[in-house]
Every structure is written in C-alpha cells, then in structure tokens.
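Given chain A, put chain B in place with the hints provided.
Going down the list, the protein sequences come from chains A and B.
Going left to right, the first sequence walks through residues 1 to 562 as the numbering used here numbers them.
Going left to right, the second sequence walks through residues 1 to 146 as the numbering used here numbers them.
To be clear, the hints were calculated from the coordinates, so they are not data collected in a lab.
Incorrect hints may have been included.
For lysine to aspartate or glutamate, the following EDC-like pairs were computed, each having C-alpha atoms within a straight-line distance of at most 20 Å [stated by the list, open to error]:
| hint | chain 1 | residue 1 | chain 2 | residue 2 |
| --- | --- | --- | --- | --- |
| 1 | A | LYS52 | B | GLU64 |
| 2 | A | LYS52 | B | ASP61 |
| 3 | A | LYS310 | B | GLU123 |
Now the stretches of chain B that chain A is said to cover, found in silico as 3 or more residues with beta-carbon under 8 Å [what the hints assert, rightly or not]:
| hint | stretch |
| --- | --- |
| 4 | 7-15 |
| 5 | 41-49 |
| 6 | 57-68 |
| 7 | 86-93 |
Note that CB positions come from ideal geometry on N, CA and C, so glycine has one too.
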Amino acid sequence: MSALVLVLITMVLLIVAYNTYGSFISRRLGIEDERKTPAHTMYDGVDYVPAKAPVLLGHHFASIAGAGPIVGPIFAAVFGWAPVYFWLLIGGVFIGSVHDLSSIMASIRHRSKSIGEIIEDHIGLNGKRLFLIFSWSALLLVIAVFTRIIANTFITVPATATASVLFIPLAVVFGFAIYRRNLPLGPTSLLGVLLLFGCIYAGLKFPLALSFNTWVIILMAYVWVASVTPVWILLQPRDYLNSFLLYALVAGGVAGIFFANPTINLAPLTSFKTSIGWMFPVLFVTVACGAISGFHSLVASGTTAKQLNKEGDAKIVGYGGMLIEVLLAVIALMAAATLTTERFQEMWSKGLYVPIFSEGVGSFIAQIPLLNIPHNVAVTFAALAVSAFALTTLDTCTRLARFSFQEFFEIAKGREKSVLSSNRYIGTTVTVAFSVLFLLSGKSDAIWPVFGSANQMLAALALLAVSVWLAKLKRGNLYTRLPMFFMFAVTLTALSTLVYQNIGKQNYLLSLVASLLFVVAILLAVLAARSLIKPSSALATTGEGVLTMAGGDEEGRGDRRR
Amino acid sequence: MRKPSVILIRETEEQVAGSGCCGKFEGDFARCGGEWVFPERRQIKESMGVVARWLKQEFGDTIELTIVDPRNQLYLIPKILRDVWHFRPPALAALRSLSMAFAFPAVLVNGVVKFSRQIPSSEAVGQAVVEAVPIRLEAAAVSEAR
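Same shape as in the complex, but just chain A:
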C-alpha cells in the first residue's frame, strides 16, 4: 500500500472530522462568538490579549509538537501499523481533540484559569502534594526513557552525536548574540541555521563513537548542569533553533512523502500480544501525544485560553491543532512503516526508535527534487532534530522535577523555606540520581509504557474536570464522559498490569513507581471528583454557563490570578 495514499486519506478524514464532529462538539460546548472572551473582558495587554486564530494556532502547535508524537507511534508500531493508525485517527478525533477543545472552553469560562489551577483550587493542599509526587515520578520516567533513547541514537548514528554535541555550544553562542548583544534576529537566525547544518557536516566528517554507559554519564552530567544554569544561556536560545528544526522537519516530512511516494512494507498487524504486553491497554498508553495527551490540557488552558479573540477560534486552535498533531504522528508512523518488518523488528528490539524515524523521514527528504539533499545528510538532519527535541525534553524535565521537589518540601514546611526547598543543587542531584536508578532498572520498552500511563492519567483527570463542569451546567457530557471512563480504564489497567509485569521481570523499582502512580492517581481522582461534585464546594454555576469561584464576581474578575 502507498504511504502517500494513506496520508492523503488521513488528511481528507481529518478535514471531514473537523467540519462534522468538531462542529458538533463546538455546538455541544455552547461556543458563542457573541460572548466576550477573557482576552477582552480582562484585557491587560500582557497576558490577556486577543490574538488572531493563526497566531494562536502557530503557538499552540509549536507547543504541543515535539519528540512525543514521533517516538510514541514508532514504539507502538510493534503491534503493526494498522492498530496504531486507527488509534491515532479515532483517538485523535474523538478523544484528543475533544480533550484539548473542551479544556480551552472550560478554562475560558473560568476566566482563563488553567486546568491545574481549577483542580488545585478545589482539592486543596493534599491534592497539591499528591499532584507533586505524581508529576515528580512521571518526570523521572521521562528523563530515564529519553536518556536511553538518546544514548541509543548516538550509538547507532554517531554523526548525530557529534552534531548534537556541537548544537549545544552553538545554542549558547546564539543566545549570547540574541539576548545579551541584541544582534538582529533575522541575520543571526540565518547564521544559526547555517551553523546548524555545519554541525551536521562536522558530524558526518567526525562521527563520535562512544559506549552506551559513557553516553549515559555524559547525558546525566549535561542535564544536571543544564537544569541549574540560568535559562537564557541554553534553554531560551535553543527554543529558536528548535523551532526552525520543527518547521523544517514537518515541511520536509510532508513534502518528502509526496515526492517519494513510499510503499508501506511493515505488516499491518503483527500480534495482539508483544514483548510490551497486550494491545489493550499498552497501545493506548504508549501512543499518547499523537492521539491524546494530558499535558495538552495544561498548555491549552494556559496561554491559549488567555488570548482567544472569540470563542469560535477555540475550534481551530484546540480541535484543529490536535488534528495537525495527529497528522505529524501519522507521518512518523509512515516513516517506520516503510521499513521492512524484519528491519523494523531488528531496530525496534535495540530501542532505536529515533533512528527508525530518521531512516524513514531521511529517505523521504532525500527524494525531494531540486533540493538534492544527500541521503546521509537527510538522515542525520532528521536524527538531529528529534535528538534536539529529546535533549530539550531531558533538561526541561530535570528542571521541572527539581521545581516539583522543592515545592513539595516548601508545602510540607508550611511555605517556610528549608534547605530542601531552596537549594537547587540538592533537588537536581536527587532527581538525577533517581532517574539513573530508573534508567538502570529497565530498558526503554519497560519504562515508556509507565510514563505513557502517567501522561494519559492527566488526560483522564482533565476530562473528569470538564465532565463535572458540563454536568453542573446541566449540559450533556457523554462526549467527554465516555473518553474519560475509557482513559481511566486504560491507565488503571495499564498501571496494574505494569506492576505485575515488572515484578515478573524483576524490575522492582519500575514496579514500585507504577504502584505509586496507581495509588496516587486513584487518590487524586477521588479527591478531584469529590471536591468538584460537592454541592458546598466553592464552585458555583451561574446562568449562561459561567462558573464563578468564591471571591469572584459574575464576570469572574474577583479572583484573578496570573
């Protein structure tokens, strides 16, 4: 079967879904263009600024796309391409996009408060503590799994190792030029992009071949340093270069698939049970970002909700943005599906998820006429792009985990500062140390599903919050309630089977963290449901579907939080 035909069919189906189910959900959510959004009622020119839909769509898509929607589908393709494809399509249209759109709507009807803030407001400090434990554990898993993925990529494509190592000082110099010397953005960016290709060239000329353990030590040292370094030195400038990589990768992948017209060689269905477990629930937790991701609710209800010009724009940004991500995930899947089953299995068993992607997409890009990009350059470029996203994920998550660690101890001490809550080095060292323990406790195929379950649990919690909100408005909520039950069923089944599975494989630490996530998730869900459903809750519904909190007026200005 032609991958191009499948991509074209996907595009048509997504457009149809957007105009049918997307419109249906918009109507059910009571979206009205006449109702003023917080961007207008709370306008301050800083956070609350009406922005045109394309501005927000560009921002929203860049925010939700990254290594997740690329690695997840390739990881799950061990079941065959067809189940992954159908989960991406069905999950994306009926669950993921509904989750993102309804999160935005719930947020703007709560004066653009984030889902996290809404839940935190109503479940109190205990909930906050549980949430911090939950997120810290999940972040450790992310660090462990991405360290493994990057190390494996560097071993398999050593040119990428050199390019990625050079990319870091390039970002530092770029940051110094942009943020400290205030050099012009366009020419400096152009130079940065040219040097980026210089990194690829240097990588091809001088590939860096080191052992797995050496890379793990280097990467752990890197995340330790990167997460305590001021953000303008590395994190911010890399953001620019990453955005170029993201756009170039998406454009190259789409154009390449059109010109290359590759054939799908991977078997549509290999087995219902693989080395990572049964298709249910594993498929549904390993493919997260491309179908549904809990982190999207945190993004959707942040900047996006504060800048929505009119309610109708929520559809293109929330529902449409997620459908574009589905397309990105389908392209990642096609990159894997064009390999033969034997080649795929061979690479997959070694944890080479990024090389699978780069080999596929690299061969697409190499066939774009006029550009005449050599195959090895295209493969290295694709691997560098995903590695750069994965490295960004690594140090971002280390910093986030450190923040969670510090905040947990700050709350435990009644908001008093202690050495555990104020010393960045302690928080970082503990985080890195535990990540190494996770990393040593199992291969990527054991860690990724546990991380995926944690991510999907967030989605279930966000759907719970939205469902309760809709119920209080006496509106039908079957379209959020069914996905919520499904996601709870998936994640709780996944976590409980992962506990059992990892005990069998003597991965006791992973088993322990899966148990912890299971218990914390149940407690969080119970706390959230009880406090949101409780009639005496500070949450009250006014007419017209505006929820007001204690201390807020009907327009919701009283409890304004930035």
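Frame of chain A, contents of chain B only:
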C-alpha cells in the same frame, strides 16, 4: 482604507518548541514555586503591555494591533510579508523588515521597523502610528498637549 498595522514583537515568558507534551515551561509551569521561570522576559512583556494598553485606549479599533512572539514564525513572517505588500514602504525599510534585521523587543508600523532592541514609550509608538498614516489627528494632538 486599510487600517494601520502595528506589530509589537516581544517574547513570552515561556518555552515554545522542542519539548512537546512531555512537560515544558508554559501554562501551569510558566511559574514554579511562585516565581517566573523567565523573569526578564516577563518584565519586558509587562512593559510592552503598557504600550499595548495605551495604543488600544488611544486608537481603539482604528488600528490593527498585533502582539506576537518572535518564535511564532509561522505567523510572524507571513504577517510582515503581508504588511510590506499592502503598505509598500521604501525599499530599504521593506528589506530590513523582511530580513528581520531588528532585535526584539521591536515595534513595526505598516511594515516598517520603528523601534528595535528597546521598549519605546507609548507616546513614541503613538506618534509613529500617526506619522505612518495621518489618522486620529485629534489623538495625536492630545498626545502632544500632554
């Protein structure tokens, strides 16, 4: 007649690309432990907010005000292209805008870079708008009187 276009370019205090949905400094995570993760960006954003509020108050809907993050290239680059196409500024000014030969924070009026690597005063931006297209002369007069 097309409304004058004012673009305020400043970074938001958040991470944008690369980390995907595995956790990033945005939304709920733009602040950690009560502090902004990107305090300098936040400060600049708030200062540009003062300019935005003033422009909205003075010119209302008579201008097209866009506030955008320079990393949002999918929107920013076509927007500058459109403004240059519609307002036809002098060649050198157009070249400067199109090549993004400016540092942020920056202000573009009708496709021309008016302020670069600085946060201008609200009145200065207002003056630039009035100079670009002689609209709302009474607003300019009020500004001058101040």
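request  = Starting from LYS52 of chain A, check that the Cα of GLU64 of chain B is at most 20 Å away, please.
outcome  = Holds. LYS52 of chain A to GLU64 of chain B sits at ~11 Å (cutoff 20 Å).
query = Is it true that the CA of LYS310 of chain A sits at most 20 Å from the CA of GLU123 of chain B?
reply = Violated, because 29 Å separates the two Cα atoms, which is more than 20 Å.
Outcome, coverage of the stretch 57-68 of chain B by chain A - at least 3 residues whose beta-carbon is closer than 8 Å to one in that chain = holds (count 3)
request  = Please count how many residues of the stretch 41-49 of chain B have a CB within 8 Å of a CB from chain A and say whether that reaches 3.
outcome  = As far as the stretch 41-49 of chain B goes, the hint holds, because 5 residues have Cβ atoms under 8 Å from chain A.
message = Using C-beta distances, would you say chain A covers the stretch 7-15 of chain B, given that this needs three or more residues below 8 Å?
response = That given contact holds, which follows from 4 residues of the stretch 7-15 of chain B lying within Cβ reach (below 8 Å) of chain A.
inquiry  = For a C-alpha distance cap of 20 Å, please report whether LYS52 of chain A and ASP61 of chain B respect it.
reply    = holds (14 Å)
key: Coverage criterion applied to the stretch 86-93 of chain B (partner chain A; beta-carbon cut 8 Å; 3 residues)   = This one is violated; 0 residues, fewer than the three required, reach chain A with a Cβ under 8 Å.
Violated hints, in rising order: 3 and 7; the structure is consistent with all others.
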